[in-house]
Structure formats: C-alpha cells, structure tokens
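Student: Okay, here's what each chain looks like letter by letter:
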Amino acid sequence: MVESFDLVVIGGGPGGYVAAIRASQLGLKAAVVEREHLGGICLNWGCIPTKALLRSAEVFHLMNNAGAFGLSASNVSFDLAQVVQRSRAVAAQLQSGVKHLLRKNKVTVIEGHGRLAGKGRVAIFKNGKEGKPDAELAAKHIILATGARPRVLPGLEPDGRQVWTYKEAMVPPAMPRSLLVVGSGAIGIEFASFYRTLGAAVTVVEVLDRVLPVEDEEISALARKSFERQGMKIMTSATVKALKKSAGGVTASIASSAGEASVSAERVILAVGISANTENLGLEGTGVKLDRGHVVAGPWLETGEPGVYAIGDLTGAPWLAHKASQEGVICVEKIAGVAGVQPLDATRIPGCTYCRPQVASIGLTEKKAIDAGHKVKVGRFPLIGNGKAIALGDTEGMVKTVFDAGTGALLGAHMIGPEVTEMIQGWGIAQTLETTEAELMHTVFPHPTLSEAMHESVLDAYGHAIHI
Amino acid sequence: MSTEILMPAVAPSMTEGNIVRWAKKEGDPVKQGEVLLEIETDKAVVEVEAQQDGVLGSILVPEGTSGVKVATVIALLAGKGEKAPAAAAPKQPARAAVQPPAAAAPAHAVARDPGGRVFASPLARRIARDLNVDLARVSGSGPNGRVLKADVQAASRAGATALAARPAGPAYEDIPHSNTRRVIAQRLAEAKRSVPHFYLTIDCEVDALLAARTQANEMVAGLKLSVNDLVIKAAALALRKVPAVNAAWGENAIRRFRDVDVAVAVSAPSGLVTPVVRNADAKSLREISAEMKELAARAQQSRLRPDEYQGGGFTVSNLGMVGIREFAAIINPPQACILAVGASEQRPIVRDGALAVATLMTCTLSVDHRAVDGTLGAAFLAAFKKLVESPIALFL
Numbered sequence: 001m002v003e004s005f006d007l008v009v010i011g012g013g014p015g016g017y018v019a020a021i022r023a024s025q026l027g028l029k030a031a032v033v034e035r036e037h038l039g040g041i042c043l044n045w046g047c048i049p050t051k052a053l054l055r056s057a058e059v060f061h062l063m064n065n066a067g068a069f070g071l072s073a074s075n076v077s078f079d080l081a082q083v084v085q086r087s088r089a090v091a092a093q094l095q096s097g098v099k100h101l102l103r104k105n106k107v108t109v110i111e112g113h114g115r116l117a118g119k120g121r122v123a124i125f126k127n128g129k130e131g132k133p134d135a136e137l138a139a140k141h142i143i144l145a146t147g148a149r150p151r152v153l154p155g156l157e158p159d160g161r162q163v164w165t166y167k168e169a170m171v172p173p174a175m176p177r178s179l180l181v182v183g184s185g186a187i188g189i190e191f192a193s194f195y196r197t198l199g200a201a202v203t204v205v206e207v208l209d210r211v212l213p214v215e216d217e218e219i220s221a222l223a224r225k226s227f228e229r230q231g232m233k234i235m236t237s238a239t240v241k242a243l244k245k246s247a248g249g250v251t252a253s254i255a256s257s258a259g260e261a262s263v264s265a266e267r268v269i270l271a272v273g274i275s276a277n278t279e280n281l282g283l284e285g286t287g288v289k290l291d292r293g294h295v296v297a298g299p300w301l302e303t304g305e306p307g308v309y310a311i312g313d314l315t316g317a318p319w320l321a322h323k324a325s326q327e328g329v330i331c332v333e334k335i336a337g338v339a340g341v342q343p344l345d346a347t348r349i350p351g352c353t354y355c356r357p358q359v360a361s362i363g364l365t366e367k368k369a370i371d372a373g374h375k376v377k378v379g380r381f382p383l384i385g386n387g388k389a390i391a392l393g394d395t396e397g398m399v400k401t402v403f404d405a406g407t408g409a410l411l412g413a414h415m416i417g418p419e420v421t422e423m424i425q426g427w428g429i430a431q432t433l434e435t436t437e438a439e440l441m442h443t444v445f446p447h448p449t450l451s452e453a454m455h456e457s458v459l460d461a462y463g464h465a466i467h468i
Numbered sequence: 001m002s003t004e005i006l007m008p009a010v011a012p013s014m015t016e017g018n019i020v021r022w023a024k025k026e027g028d029p030v031k032q033g034e035v036l037l038e039i040e041t042d043k044a045v046v047e048v049e050a051q052q053d054g055v056l057g058s059i060l061v062p063e064g065t066s067g068v069k070v071a072t073v074i075a076l077l078a079g080k081g082e083k084a085p086a087a088a089a090p091k092q093p094a095r096a097a098v099q100p101p102a103a104a105a106p107a108h109a110v111a112r113d114p115g116g117r118v119f120a121s122p123l124a125r126r127i128a129r130d131l132n133v134d135l136a137r138v139s140g141s142g143p144n145g146r147v148l149k150a151d152v153q154a155a156s157r158a159g160a161t162a163l164a165a166r167p168a169g170p171a172y173e174d175i176p177h178s179n180t181r182r183v184i185a186q187r188l189a190e191a192k193r194s195v196p197h198f199y200l201t202i203d204c205e206v207d208a209l210l211a212a213r214t215q216a217n218e219m220v221a222g223l224k225l226s227v228n229d230l231v232i233k234a235a236a237l238a239l240r241k242v243p244a245v246n247a248a249w250g251e252n253a254i255r256r257f258r259d260v261d262v263a264v265a266v267s268a269p270s271g272l273v274t275p276v277v278r279n280a281d282a283k284s285l286r287e288i289s290a291e292m293k294e295l296a297a298r299a300q301q302s303r304l305r306p307d308e309y310q311g312g313g314f315t316v317s318n319l320g321m322v323g324i325r326e327f328a329a330i331i332n333p334p335q336a337c338i339l340a341v342g343a344s345e346q347r348p349i350v351r352d353g354a355l356a357v358a359t360l361m362t363c364t365l366s367v368d369h370r371a372v373d374g375t376l377g378a379a380f381l382a383a384f385k386k387l388v389e390s391p392i393a394l395f396l
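In order, the protein sequences belong to chains A and B. Its first residue numbered 1, the first sequence is counted upward by one per residue in this note's numbering. Its first residue numbered 1, the second sequence is counted upward by one per residue in this note's numbering.
One chain only, chain A, in its complex shape:
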C-alpha cells in the first residue's frame, strides 16, 4: 500500500524538519525522509557541535588569562577526547530533541534515501540509492531539502586522516601540532580559531584578498589583525596548488602574488565551499532546473516542476541553517495558503562566525551599498569606548552601521567583538520593521551593555556619538 501525504520533505535538516513541523501545525499530513540523522549537518556535524568545541576553547582561553581578572589558575590543560565528547553529547541531545518535536507534531519520520519517482511520488531506499525501492509514498507536495556537502577541488581531495573536512576536524583523535586551513569563510575560520586557541600552529590560506570575504572590508581587516595577533599565519590572494602527503604530515604548494611558497602542517582542513546534494534525487526528466550545481527556486521556493519545491543549501548561498528554516516555513505557509506570507529578503539574513573575536553582520557591506548606488552614511563605534566591554576585559571590536543617506534606511550592520552574534538580531528586527535612524536613536539601550555600542554607531553615522 502506498501511504499518502499532503507533504513529503526529503531531508531532515534544519530546513526539512522545520518545514515538516510547520506543515503539521497547519493541518497538513507531513512526512520527513532522512537517510542519516535528523537535524542534518547543522545539528550533528555543523553549527551546534562546533559551538560546543568553541565554548571549550573560549573557557580555556579565559583560564589562561585568569591573571588579567585577578584570578590564578595553574596547570591549565585540556583533554581533547573530553572536549570532543562534550560536543558530541550536545549534538546528541539536540538530535533527540528534534525527534521528540517531530513526534509531538505528528510528523511521520521515514528512514532512508528519498527520491522523486514520477508525479507526486517519492521512492524510499533503505540501503543505498540504487535498485528497487523499498517503499513508495504519494505526496501532493514534495520539498527537496537535501542540503550540501564540502566542495572538493581537484588535487585537494580529503582523505579523512591527514586531509580533513569539517567532519573529521570536529572529532580529532589527537591535537595536531600544526594545521593548514584552506578557505577563510565561516567554517575555516571557526576551526582555525578553535585549534589556534588550543595551541596548534595555524596557517590560513584564502584565495581572495581578505579573510571572511563576505564580511565588510573593515571588519575583515580587523579580524585579520586580531587573528595574526593570536599567532595565526594568514595568506590571502593565495591558492593551494597541490598537497604532498608524507608520514610526518602534508606539504602544500601555495601560489600567490608573492610567488610560490610551501607550507607544511600535520593536518589540513579543507573549507572551500560546498556542493549541493542534487544527485540521486530523481531530478532527471523533471522540470527541476539546476544552475551551477544548485536547484533553481522561485520566491516561494517552487522549482520548475509543479508540486516540487527546494529549500536551504540546495538552492544556493547563503549556506545557513536559519536561511533553510525560514525558507521551509515560507514554502509550507504558501502551500497551505496562509495569508500574508512574505518571500525571504536575502539582504536580511544575518551571518555569524563564532571565532574569537566573534563576527556578525546583516545586510549590505559599505562597499556593496555604494556599488548598489546608495549614498551612504557610515557609523563606527569601537568597543574600547564601551563600559561593559572594558569590564569584561574584552575590548577588541567594533560596531559599524551603513545607512542610506537619503532615506535613513539601515542598509547593513557589521560587528566584530564579544557576543556580537547575540546582538545581530537587533539589527534584523530593525530592518524587518523598516526603521530609520530616527527610531534607532530614540530607542533606549540599557546601560551597561555591549549593545550600547550599537546605539553609538547609529549616532556616529549622523555625527553625534556621545562616547567617542
């Protein structure tokens, strides 16, 4: 018997499981097909376990600097296995939480690989992706939410032992003495930060001319300065040509404008982007179109095939869990006919990097705003002028705001410093409510908090910051 659903979601990551829960809330009979682990990469091998690792690194860093706070801690050390085990336990706890949520919302969870099998049909493969399907589902609507995997560049193939992807990097069997990180996006930089804080000699190689290249140029520059002060070696406008492995480690030949160089390290982490998981989905012969490896989806996440939708990493950048979740909700609400659904505005998706210092941003960088034709007013406030930051002993950082000079629209906000990832939502709310500088100025920010720097940055953009 073929079971029928209003909605079948292929992929149980932060896009897929959220879409299924929302569908169920709206009265749709929903199922999630997941081949590996509910919660997806984010929860199991991405966002969450790395935050656990970085928390360990942060505490270790504070303990090493106990003296600065009038405290003493001797023989500060770490047990890597314990650090990793804590990270896995955090992921496991959340995964069981997702399982519980799906059960509570009466979402059917089907283990296996899902694949389109004709109009309104999904084939389920329990073992592998080939052969005769083990089951078939009928679905009025099908959401593809299969996510992505690390991009592999020719000549830079991971081997899981000396050359890692995020997955191996998250469960290191031993602390590498030296590490080469290829790619300085959020993933690369977070691992670089973690391993550097725990004592590894870290080199970061970035093909573009700055680290965290999607961030505002000023923030990138401040981040680089900070990383280098912590002892990281940063090579920008540099390309890893080849990796030569030996028993002792890996030697990378790196080409840059300065010429050829070679860097040796015990381990290499590859973090050069992602590839969407579009294979074995049965897309062939359907109206689903691909563009540079990603599924093309419209404002309501619809694909070229009626009744088939795509969300999350599958549809392209930014590759962020919260983007996937929001797309899932929008897609389902549109299917259910909920009134007032708004398409996702790509300029209002915040991005966070949990390195030390943290980096968080939303909207347009100063350069992008100018390139888009805006006349801008830019505000900056360094954390050295913020009382709470001084009290925390963590004054490295800045809040930068970019306004449209004509309308006062908040075009972008860019922050580096302690806990800025927790503050970025304030700018998100401001953008969603379409505030201008006036409402932000009229808002009372509590004292003493790091968030006062946000207020001061707005004031500075209009030339009347108080504490600078």
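Hint data in this document are derived by calculation from the structure and do not stem from the laboratory. Take every hint as true, because none was put in to throw you off.
Calculated from the model, a selection of chain B residues having no Cβ within reach of chain A, i.e. all distances over 10 Å:
1. Ser226
2. Asp259
3. Pro269
4. Lys293
5. Gly311
6. Pro348
7. Ala354
Straight-line alpha carbon distances no greater than 30 Å define the calculated DSS-like cross-link-like pairs of lysine-lysine that follow:
8. Lys167/A <-> Lys245/A
9. Lys225/A <-> Lys241/A
10. Lys149/B <-> Lys334/A
11. Lys375/A <-> Lys149/B
12. Lys119/A <-> Lys99/A
13. Lys149/B <-> Lys367/A
14. Lys149/B <-> Lys368/A
15. Lys149/B <-> Lys377/A
16. Lys104/A <-> Lys334/A
Covered, in the sense of this in silico footprint (three residues per stretch, anywhere, with C-beta under 8 Å from a C-beta of chain A), are these stretches of chain B:
17. 117-130
18. 142-151
None of these values were measured; they are calculated from a predicted model. Quick reminder that beta carbons are idealized off the backbone N, C-alpha and C, glycines included.
Mind docking chain B on chain A? Use the hints.
Tutor: Chain B in isolation, oriented as in the chain A frame:
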C-alpha cells in the same frame, strides 16, 4: 462582577452591524436607559441603551468598526461601585486548523484603524514623504496590510504620477473666496433669485458688419476694431432709439437713464468685472475700441477704479470669441437688461424660398420683466438687429 456587553440585534434580520459611535468613554458611569452607543445596520443608525447601571469598563470593539457579528462581546460593564475592569486582552477565537487551501485573507488591504491612521513602517513613511506619495492610497503588503518601503516605491513608480504631483492630503483643494468672488456670487444669486428674467433671442446676419470691420481695419492704420466694439456701438444706438430698455428697477420707481452707458462683461483672474463705456452712443468706434482695450487690460490686472466699473444702464456680454453659439446671461442688477452675444458663424438660411449661406450672430436679451415688457425688449432687439445688419450707421 463585570457584565459582558454583546453586540445587539437591533433588527430581526440583523446578523452584523457597524459600531458608529460610542456615546460613553471607558470609565464613564452608565445609567440604565442612557444611550451607550450607536449601531448602523444596512437600513438605519440605531441608538442602543444601557440595560443596567454600572461603569463602562473596556471597550473591546472600537467605534468605526464594521461588520461586527451579533453577540460579539463589544465591551465590559462593571457593576455600580466596582472598579472598572481593566482592559482585558481582546478575546481571540480559538484558532481553527487551517486546511489547504485556506481562503487567503484579503490581500492588499490598507491597514487603517478606525481613527483613519495608516499603518506603515517608519521607512515607508519617510519615503512616502520624500516622493510625495499619499500613504492612505497605498495598499500594504506587510503583516495586516502594513505599508512597507517597497509598497511606497511601487506606488510611486506605477503611479502615480498624478499622485506624486499632488501633496499628501484630501483629494481636493479649497480655494478661499476673494472679495470679488464673494460679491459676484452674492449679486448673481440675488439677481437670479429675485429678478423675473425672460429671454428674447434673435439672429442677426453679420456678413456686412464683418466686411465693414475688415475694410475699416485695413483702411485706417492702427485701427483694430473688434466685433464686440461694433456690438457695443450698435447696442448704444439701439438704446438711444428704445430708451425704455436703458432702465433699472427700483423700490418705488423704474429709473430711466438719460446717458447711454454700456457696461461690458470682462473675465478677469479674480472674476467677472463690467467696466463701463460711458456715453457710448456719442463715441466713435475708434474711441470705443481704444477705451475698451484700455479698460480690459486694466481689468486683467485688477486695476480698475470703482467709478470705471460701477453704474451703467445696460450690459453686453459676449462669448462669441470663444465659439459659444448662444447663451442667456444673468441680469446685472439694478440694470433691466443684458445682451448675450454669440459667435458669428456661417449657417444655412432660407432666403426668398431658397437655401443660402449667411454669417449669423445669435443674440439673447435677458430682461427684467418688472421694468421692461416683452414688446419693448423686442423693439430694442429689432433696432439692434437693424443697426448690425446695416452697419453704415455705426460708422457715422
């Protein structure tokens, strides 16, 4: 204990109604039988009285709300001596599970509260102000119809060019009365109301008049006689022939003017003015023409002296130059008559039993029947027609 006030059915068939007005405010004491609110049905507005004494607590459905279902809780009434109940959160109906496809709420509604306030984001407001877009006319795409930046920009683009050209505000403009306009209004209304008008219309053949005018203008350097100059002169001479028309109705007498002073209606920016060509019967066409040009020019600049536009025994109003075939003018009191002159145009006429083409000018005399009788008016028009059709007399 507070009592729920329900939306009443003020007519047997009523299922819903509009709350027009709350007669009491929150916190006001209410006596049984006092008017509490007004409800509008599809037929009438009905006052609703309080059923018991108490204090009006929270008003849950504000005035201006339409389509309130009968039996909806619209307010809370506290018992006498009790404190008014605090505003309770409006009760939300139990949320019904949405079944696909659920009916979409009306999209693009303009979010407005009963007070007329438009819900719009701060940025939308500022951009609307900068682009001169009237927010009240923009439909909002945001939550609950909230107007967002993109809506204002779309409205401005699509838009409303007419909208953009107009400042925000009501869909009309009030032009305050000038004193001139006030006087004109008062006098014309008075004339039309109290003067028993009757109208006499006559067609004049003006081929000879136009030919004479052309000839004169060609022969005399600097002379630019208008048709109206000739009409003024003809009217003046006709008035001399039928002096009973050169008159005014008074309380106790009909005043007959000894001089022939012809007032001429001139349209000026501030309104209609009637400068007077005095002793027009005694003036040459050249004098009349020069005087009219001068008076008309100063009328345009509102620089006429009162003695230049007051008085006169008769008025000529000519809309011929703007193509009006014929019209009936309102008498310029206290004068008894006004001559409305139409355009000179070629029309088919029957002459000696055959169709022919002639240039005709239709003139209508409005007459105050109290001062001038029909035959008298007709006699004037006949004299006028004769002068116009045999224009040589005008040039003597």
